[in-house]
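There are 2 protein chains.
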Amino acid sequence: MALIVQKYGGTSVGTPERIGLVADKVAGWRKKGNDVVVVVSAMSGETDRLLSLADAVAGVPPPRELDVLLATGEQVTIALLSMALEMRGIPARSYTGSQVHIRTDSAHNKARIREIEDKRIHADLADGRVVVVAGFQGADEYGNITTLGRGGSDTTAVALAAALKADECQIYTDVDGVYTTDPRVVPEARRLDRITFEEMLEMASLGSRVLQIRSVSFAGRYNVPLRVLSTFEEGEGTLITYEDETMEQALISGIAFNRDEAKLTIMGVPDKPGVAHQLLGPIAEANIEVDMIIQNVAPDGATTDFTFTVHRNDYKKGLAILEKTARAMGAREVSGDDKIVKISLVGVGMRSHAGIASTMFEALAKEGVNIRMISTSEIKVSVVVDEKYLELGVRTLHDTFKLEQPEVI
Amino acid sequence: MALIVQKYGGTSVGTPERIGLVADKVAGWRKKGNDVVVVVSAMSGETDRLLSLADAVAGVPPPRELDVLLATGEQVTIALLSMALEMRGIPARSYTGSQVHIRTDSAHNKARIREIEDKRIHADLADGRVVVVAGFQGADEYGNITTLGRGGSDTTAVALAAALKADECQIYTDVDGVYTTDPRVVPEARRLDRITFEEMLEMASLGSRVLQIRSVSFAGRYNVPLRVLSTFEEGEGTLITYEDETMEQALISGIAFNRDEAKLTIMGVPDKPGVAHQLLGPIAEANIEVDMIIQNVAPDGATTDFTFTVHRNDYKKGLAILEKTARAMGAREVSGDDKIVKISLVGVGMRSHAGIASTMFEALAKEGVNIRMISTSEIKVSVVVDEKYLELGVRTLHDTFKLEQPEVI
Numbered sequence: 001m002a003l004i005v006q007k008y009g010g011t012s013v014g015t016p017e018r019i020g021l022v023a024d025k026v027a028g029w030r031k032k033g034n035d036v037v038v039v040v041s042a043m044s045g046e047t048d049r050l051l052s053l054a055d056a057v058a059g060v061p062p063p064r065e066l067d068v069l070l071a072t073g074e075q076v077t078i079a080l081l082s083m084a085l086e087m088r089g090i091p092a093r094s095y096t097g098s099q100v101h102i103r104t105d106s107a108h109n110k111a112r113i114r115e116i117e118d119k120r121i122h123a124d125l126a127d128g129r130v131v132v133v134a135g136f137q138g139a140d141e142y143g144n145i146t147t148l149g150r151g152g153s154d155t156t157a158v159a160l161a162a163a164l165k166a167d168e169c170q171i172y173t174d175v176d177g178v179y180t181t182d183p184r185v186v187p188e189a190r191r192l193d194r195i196t197f198e199e200m201l202e203m204a205s206l207g208s209r210v211l212q213i214r215s216v217s218f219a220g221r222y223n224v225p226l227r228v229l230s231t232f233e234e235g236e237g238t239l240i241t242y243e244d245e246t247m248e249q250a251l252i253s254g255i256a257f258n259r260d261e262a263k264l265t266i267m268g269v270p271d272k273p274g275v276a277h278q279l280l281g282p283i284a285e286a287n288i289e290v291d292m293i294i295q296n297v298a299p300d301g302a303t304t305d306f307t308f309t310v311h312r313n314d315y316k317k318g319l320a321i322l323e324k325t326a327r328a329m330g331a332r333e334v335s336g337d338d339k340i341v342k343i344s345l346v347g348v349g350m351r352s353h354a355g356i357a358s359t360m361f362e363a364l365a366k367e368g369v370n371i372r373m374i375s376t377s378e379i380k381v382s383v384v385v386d387e388k389y390l391e392l393g394v395r396t397l398h399d400t401f402k403l404e405q406p407e408v409i
Numbered sequence: 001m002a003l004i005v006q007k008y009g010g011t012s013v014g015t016p017e018r019i020g021l022v023a024d025k026v027a028g029w030r031k032k033g034n035d036v037v038v039v040v041s042a043m044s045g046e047t048d049r050l051l052s053l054a055d056a057v058a059g060v061p062p063p064r065e066l067d068v069l070l071a072t073g074e075q076v077t078i079a080l081l082s083m084a085l086e087m088r089g090i091p092a093r094s095y096t097g098s099q100v101h102i103r104t105d106s107a108h109n110k111a112r113i114r115e116i117e118d119k120r121i122h123a124d125l126a127d128g129r130v131v132v133v134a135g136f137q138g139a140d141e142y143g144n145i146t147t148l149g150r151g152g153s154d155t156t157a158v159a160l161a162a163a164l165k166a167d168e169c170q171i172y173t174d175v176d177g178v179y180t181t182d183p184r185v186v187p188e189a190r191r192l193d194r195i196t197f198e199e200m201l202e203m204a205s206l207g208s209r210v211l212q213i214r215s216v217s218f219a220g221r222y223n224v225p226l227r228v229l230s231t232f233e234e235g236e237g238t239l240i241t242y243e244d245e246t247m248e249q250a251l252i253s254g255i256a257f258n259r260d261e262a263k264l265t266i267m268g269v270p271d272k273p274g275v276a277h278q279l280l281g282p283i284a285e286a287n288i289e290v291d292m293i294i295q296n297v298a299p300d301g302a303t304t305d306f307t308f309t310v311h312r313n314d315y316k317k318g319l320a321i322l323e324k325t326a327r328a329m330g331a332r333e334v335s336g337d338d339k340i341v342k343i344s345l346v347g348v349g350m351r352s353h354a355g356i357a358s359t360m361f362e363a364l365a366k367e368g369v370n371i372r373m374i375s376t377s378e379i380k381v382s383v384v385v386d387e388k389y390l391e392l393g394v395r396t397l398h399d400t401f402k403l404e405q406p407e408v409i
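Chains as they are written, first to last, in the working numbering: chain S, 1 to 409; chain C, 1 to 409.
What the hints contain is simulated information worked out from the structure, not anything from laboratory work.
Quantities reported herein were computed from a predicted structural model and do not represent experimental measurements.
Yeah, the Cβ is synthetic: ideal placement off N, Cα and C, and Gly gets one too.
Accuracy of the hints is not assured; some may be wrong.
What the hints assert, rightly or not - A short list of chain S residues far from chain C (calculated; beta carbon distances all over 12 Å):
no.	residue
1	74
2	144
3	388
What the hints assert, rightly or not - Simulated crosslink set (DMTMM-like; lysine to aspartate or glutamate; CA at most 20 Å straight-line):
no.	chain 1	residue 1	chain 2	residue 2
4	C	119	S	176
5	C	165	C	127
6	S	119	C	141
7	S	119	C	140
8	C	317	C	285
9	C	119	S	141
10	C	316	C	300
As the list claims (entries may be wrong) - Calculated Cβ distances over 10 Å to all of chain C for the following chain S residues:
no.	residue
11	2
12	16
13	19
14	64
15	106
16	107
17	115
18	165
19	295
20	297
21	354
22	373
Bound conformation, chain S alone (with noise of 0.2 Å):
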């Protein structure tokens, strides 16, 4: 017997038919003899019936209130769910965030969780009860409803597992698990039966859209053992270990890559301590968030050059700024790309061994494909490429790389 927190998004819970659906699953694990603490978000398309109507009473509602009203969302889930295994024969018992005390701060839309009550949660499983929890919301000091931004429920239900020491929290999706890349892109594209924790981080924040990559640090700062499944099908799905638990690692674990970035690039900059933040401070301030970040020194030996990428939303805004700073700092030059993607190596067997980069970069220049920035990390190689090369660039490393093959362990 265990104890499982699971947690069902939007679409799993998108009709009352599919609630139906969660509502068997969920008394499957119960009657297996699990202790089973549910986790949803609002029914999907739930929340932007509520925005829109926020949207038609006052344009840009105070966040308190947007609270309050997104709060409902998950509320609505709760009560059905639990009827819904009622009905069949399983206790279940709902409970808001503010009611099972999920202290948050008081930053209302994208609020943090400081400490969740175990006790009423324990109390209730201790008397048979299936625990249905509100996703994506708590209460701060003064109990004012908090929510913690779109997709949050992945975070309330690391939160609960990590408070309750869940043996398991499940995250139910509609994919079936983490996969080597995109299948979209490369269909022999393979899922991962597990994947350590921090190769997860990198692959959720290079664009893998698996898991809401605060959930996943969440998870990993607990040591909560984290798996990823499917509403819809059945499977066992990817299970996110820590790296100590299996005895080899596979080389790579799977390739990012992300459709989004621009890169912005200022030449003969005045070399000098303190020149990186001149350059970068301005961009900060414009709340633009910089992600690879490199710096060369120039042929003259007295300048330097220096290239980021940005969010390509940023990127003119990021470029208007930069032209700004080199002005006052009398660079040279500034130019840019917003036509460029990252693709990325992930794997934290890349650690112990030499020469994945190099295999790496030969392959892409074997299929023509130019890289236009390098960026390393222990377990991550990064690229950037030329949008045009996306695909191919994508295909030609998951070959090259047999990621199509099972793991050996």
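We have chain S already, so just place chain C on it with the hints.
The following block gives chain C in isolation, referenced to the frame of chain S:
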């Protein structure tokens, strides 16, 4: 400057546009320097939408979860109204029933308010905010969400007015006040400027659907001045007062009627102590509510005849139970009629004026309206007549007592 509690029902907040109109109205009261607490219902149609979701998921939903579901209806409205107020430059803050500690018993779907914490609301008012509270809901001592049953928002408003010691509790609805009788039956029916609580109670319980009877009795108990007004028209509405406040009362305030009546009669019951209980016990056990009860000694002096009225929906069930009881008690005969209505004259002035009843009976007799039952209280005379005489009877009495003419005070 006064402290006013206002309540707007589902029709008044049925669309974003109407919520805007309500916000304008509230803003007007606020700008005149009043402290305003607003209680709102779910947007019209919302409760039915939620109920149909519950129906699709679970058929007969568990009461606790039904409350969790239905409570979202008002939560949506409080958020939207607060947004609309803030957009108009009126600082506002929304609260669910549990947030302002509207503490109820644990009778889900029909809970009763036990106490209300007024501190938080007073603090907001002192800070210059309009406080918007979800009607119809509260939380029990364990924090479970409860609802007061349909229409319970009136009760919330009155309870808040009592707890906050408000100067006036204004119930906004789609009628512009309390009338001498239903204007659809008597076009000359006149809006009353004021009516006493006792009269209002009789009017409400007799089928005048302006206010929930529970909220009126609640208001009377806590001496909360209650005013009924229209959301959509300007006007003073009807003030519901305490008798002592006015120097002289009108003889008759109004004529109430109830179309949902049926009567049951048992004849020739042996006349001995305990007979009423023997007859009505089984009726009460079947959850049938009994309204008028009349007992007469039969001509033979040894037996008694017994007649009572029930809701028309309970007629067949009541008749079957009574026939069984009759056999057990050796009564002579059981009969019934479900084509009857009740018409009542209501007025505190009756107390000090004799002859009202006989004037009433005379007027009806003159029009050929046969009276089947009579029942009187201190401020009311009710008659049961055949259904077909309803309109004729009400119009005759309205005319006889000159209710179309303004009261002389």
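We went through each hint and held it up to the structure:
no. : hint            : in the structure
1   : 74              : violated (9 Å)
2   : 144             : violated (8 Å)
3   : 388             : holds (46 Å)
4   : C:119 <-> S:176 : violated (51 Å)
5   : C:165 <-> C:127 : holds (18 Å)
6   : S:119 <-> C:141 : holds (16 Å)
7   : S:119 <-> C:140 : holds (18 Å)
8   : C:317 <-> C:285 : holds (12 Å)
9   : C:119 <-> S:141 : holds (16 Å)
10  : C:316 <-> C:300 : violated (30 Å)
11  : 2               : holds (26 Å)
12  : 16              : violated (4 Å)
13  : 19              : violated (6 Å)
14  : 64              : violated (7 Å)
15  : 106             : holds (14 Å)
16  : 107             : holds (17 Å)
17  : 115             : holds (17 Å)
18  : 165             : holds (23 Å)
19  : 295             : holds (47 Å)
20  : 297             : holds (54 Å)
21  : 354             : holds (57 Å)
22  : 373             : holds (45 Å)
The structure does not agree with the numbered hints 1, 2, 4, 10, 12, 13, 14 stated previously, though it agrees with the rest.
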